[in-house]
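S.K.: Hey, can you work out the whole structure from these sequences and the hints?
2 protein chains.
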Amino acid sequence: MVTIAVDAMGGDNAPDAVVRGAAEASLSTDSEVLLVGDEKRITELLGQVRHDPERIRVHGASQAIPMDCKPREALEAMPDSSLVVATRLVAAEGHADALVSAGNTGAVILACATAFKCIPGVRRTALAAVIPTERRRGKKQDPFTLLLDAGATLRVSADDLVGFAMMGAAYASIVSKNDKPRIALLSNGTEPTKGTPEIVAAHQTLVGVEGIDFIGNVEGIDIPRGKADVIVCDGFTGNITLKMLEGVSQTVTNLARYAYRRKVSWKLAMWLLSSGIKRIKEITDWQQYGGAPILGFDRLCIKAHGRSGPRAIRNAIKVAERCVKQDLAGRIETHVAAAQRHQ
Amino acid sequence: MVTIAVDAMGGDNAPDAVVRGAAEASLSTDSEVLLVGDEKRITELLGQVRHDPERIRVHGASQAIPMDCKPREALEAMPDSSLVVATRLVAAEGHADALVSAGNTGAVILACATAFKCIPGVRRTALAAVIPTERRRGKKQDPFTLLLDAGATLRVSADDLVGFAMMGAAYASIVSKNDKPRIALLSNGTEPTKGTPEIVAAHQTLVGVEGIDFIGNVEGIDIPRGKADVIVCDGFTGNITLKMLEGVSQTVTNLARYAYRRKVSWKLAMWLLSSGIKRIKEITDWQQYGGAPILGFDRLCIKAHGRSGPRAIRNAIKVAERCVKQDLAGRIETHVAAAQRHQ
Chain P
1 MVTIAVDAMG
11 GDNAPDAVVR
21 GAAEASLSTD
31 SEVLLVGDEK
41 RITELLGQVR
51 HDPERIRVHG
61 ASQAIPMDCK
71 PREALEAMPD
81 SSLVVATRLV
91 AAEGHADALV
101 SAGNTGAVIL
111 ACATAFKCIP
121 GVRRTALAAV
131 IPTERRRGKK
141 QDPFTLLLDA
151 GATLRVSADD
161 LVGFAMMGAA
171 YASIVSKNDK
181 PRIALLSNGT
191 EPTKGTPEIV
201 AAHQTLVGVE
211 GIDFIGNVEG
221 IDIPRGKADV
231 IVCDGFTGNI
241 TLKMLEGVSQ
251 TVTNLARYAY
261 RRKVSWKLAM
271 WLLSSGIKRI
281 KEITDWQQYG
291 GAPILGFDRL
301 CIKAHGRSGP
311 RAIRNAIKVA
321 ERCVKQDLAG
331 RIETHVAAAQ
341 RHQ
Chain D
1 MVTIAVDAMG
11 GDNAPDAVVR
21 GAAEASLSTD
31 SEVLLVGDEK
41 RITELLGQVR
51 HDPERIRVHG
61 ASQAIPMDCK
71 PREALEAMPD
81 SSLVVATRLV
91 AAEGHADALV
101 SAGNTGAVIL
111 ACATAFKCIP
121 GVRRTALAAV
131 IPTERRRGKK
141 QDPFTLLLDA
151 GATLRVSADD
161 LVGFAMMGAA
171 YASIVSKNDK
181 PRIALLSNGT
191 EPTKGTPEIV
201 AAHQTLVGVE
211 GIDFIGNVEG
221 IDIPRGKADV
231 IVCDGFTGNI
241 TLKMLEGVSQ
251 TVTNLARYAY
261 RRKVSWKLAM
271 WLLSSGIKRI
281 KEITDWQQYG
291 GAPILGFDRL
301 CIKAHGRSGP
311 RAIRNAIKVA
321 ERCVKQDLAG
331 RIETHVAAAQ
341 RHQ
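Residue numbers (the numbering used here), protein chains in the order written: chain P, 1 to 343; chain D, 1 to 343.
Treat the hints as calculated values from the structure; they're not laboratory data. In this text, all values refer to a predicted model and were calculated from it rather than measured experimentally. Heads up, the beta-carbon is just placed ideally off N, CA and C, and yes, glycines get one too. Possibly wrong hints are sitting among the right ones.
[Claimed, not checked] Covered by chain P, per the in silico footprint, the following chain D stretches (three or more residues, Cβ under 8 Å):
| id | region |
| --- | --- |
| 1 | 149–162 |
| 2 | 214–221 |
| 3 | 236–244 |
| 4 | 260–268 |
M.R.: Here it is, written out as structure tokens:
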């Protein structure tokens, strides 16, 4: 049986939302969930919700890393925090197979880097983010594109970009049930000569790699269109891209709210549109995707959104389970080795 | 009197839209417009529209550079193209003071770089783009943020970023009638330590420069919010950012169209919202802004959008006129010198 360690104290709504999400997962998956954190509080919360006691265990950790911490300082000051204890349990063979945390992103990445090892052949790990797009893809018909790196590495070499592409391909094939995801490099033009020297060199390598569907460069305009299933870039560009999408979505929400309040006719219009808006929200809802994987370590970590509710946590646990069962680490190793033959 | 040279053959709708825009400008500004291109065709078109013949002259040029050209090859092959002739007229003292072109962006930048000189102290010129935001600013209450570099220089040094900031400040102060525009660096975090080494160093310099309102780093999420009036980044990031905004806006339009066709109730809703949508279109309409300035040359060039209609061309001519009258080049020189005392 697969065991997923869950950092019960990480996230804006922890531990309540995390415990509830784990309880839901215990009823709908084959995995065992290991909830790490304040034993008394977790047990109390579990007493209030339906769950399968055969599939949930609690592991005590006396400290909790706050969301607005400085990662390095926090990890050093709190060796018995739920995050540090959970990563240790995952790192030590036999205790747990993967980690789910909705805690501070920097702290989660650093805790993984401290406790886990890189997969042979992986030079640099990456945080992959999930972006809703216009297009549906894979057997699951999901509308998401995977973008990596989303902020772990500001500057990258050509080999790093190639590694990100191969890791993203391995992950997308499992999670979106998409055998041959379309992989692209994000650049300032679609021609192979466009972009920084690193992008141009990565392009040359990826063209020659067999077994993947490399579609070349995509531009910013292709991101919301969903032209690629996996978009590869450096962490600086990934960060700006993701945050701008968040800003645009907030602006659209603000405009809709304004329209709703401003005029009776606009209010009526928004009401008439509500079924459509609900549908857009459903297909673009990040909570159904669970979270952002940190790719490249021998153990998988799914970084759930800080604002995750129970559903996002449950889905993150499910995604982690699927990746363990389908040997994501092994697939990444094979993929990366295939690319290295061309470098 | 200020003379603005206009590349009559550049743009998707040239020469018709360009000649019409110039005709409108001749009736509403104090400048003289010098239309450069196919004399016969321009004269014919002018005969069909209201214009002030005292304020429009035509200068013949036998060739026209196509929109989908390769810039370097096209410029070399067409020494008598409207673009090349127009830049030459602007470069030679006394013929014209500034250039407006809606032609191929790469060709326009290259033609300027060939014919014009850099302002003393300017190391690198930049293409500045205009982004609609939620916030209104300046005496004109316009909702636009200036983003530079928008794609001229993929990789920049710290000094380049500082130069872009100072040039953007000078331009925004004239065009948005905003005495002290808020200047920011685009980065992956608001703290002064966040970003590439170039961004961190540029931040340190800009903090010490007097006479500007440097508000520090902004993140991607702050772009649509309009937190800054001038946003500074390298050309790669600027290109991705702009094109992604274009993509998102297309996606929103597609969704609205889909809603309109899908259900009678949604159609009614879109009709009820139409006054609001019109208002959003009005305040975010790039045509009112005229175009993107190329900053740093001793002569100004306004690169109008390829799809420009007459109104965009007229506004680009007006913006160019205002910049010449208010000595943009002199202001940039002063601004850049102020920053260099701190580098």
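S.K.: Would you mind marking each hint as holding or not holding in the structure?
M.R.: A quick look at each hint next to the structure:
| no. | hint | result |
| --- | --- | --- |
| 1 | 149–162 | holds (count 3) |
| 2 | 214–221 | holds (count 3) |
| 3 | 236–244 | holds (count 8) |
| 4 | 260–268 | holds (count 5) |
Going through the hint list in order, the structure satisfies each hint without exception.
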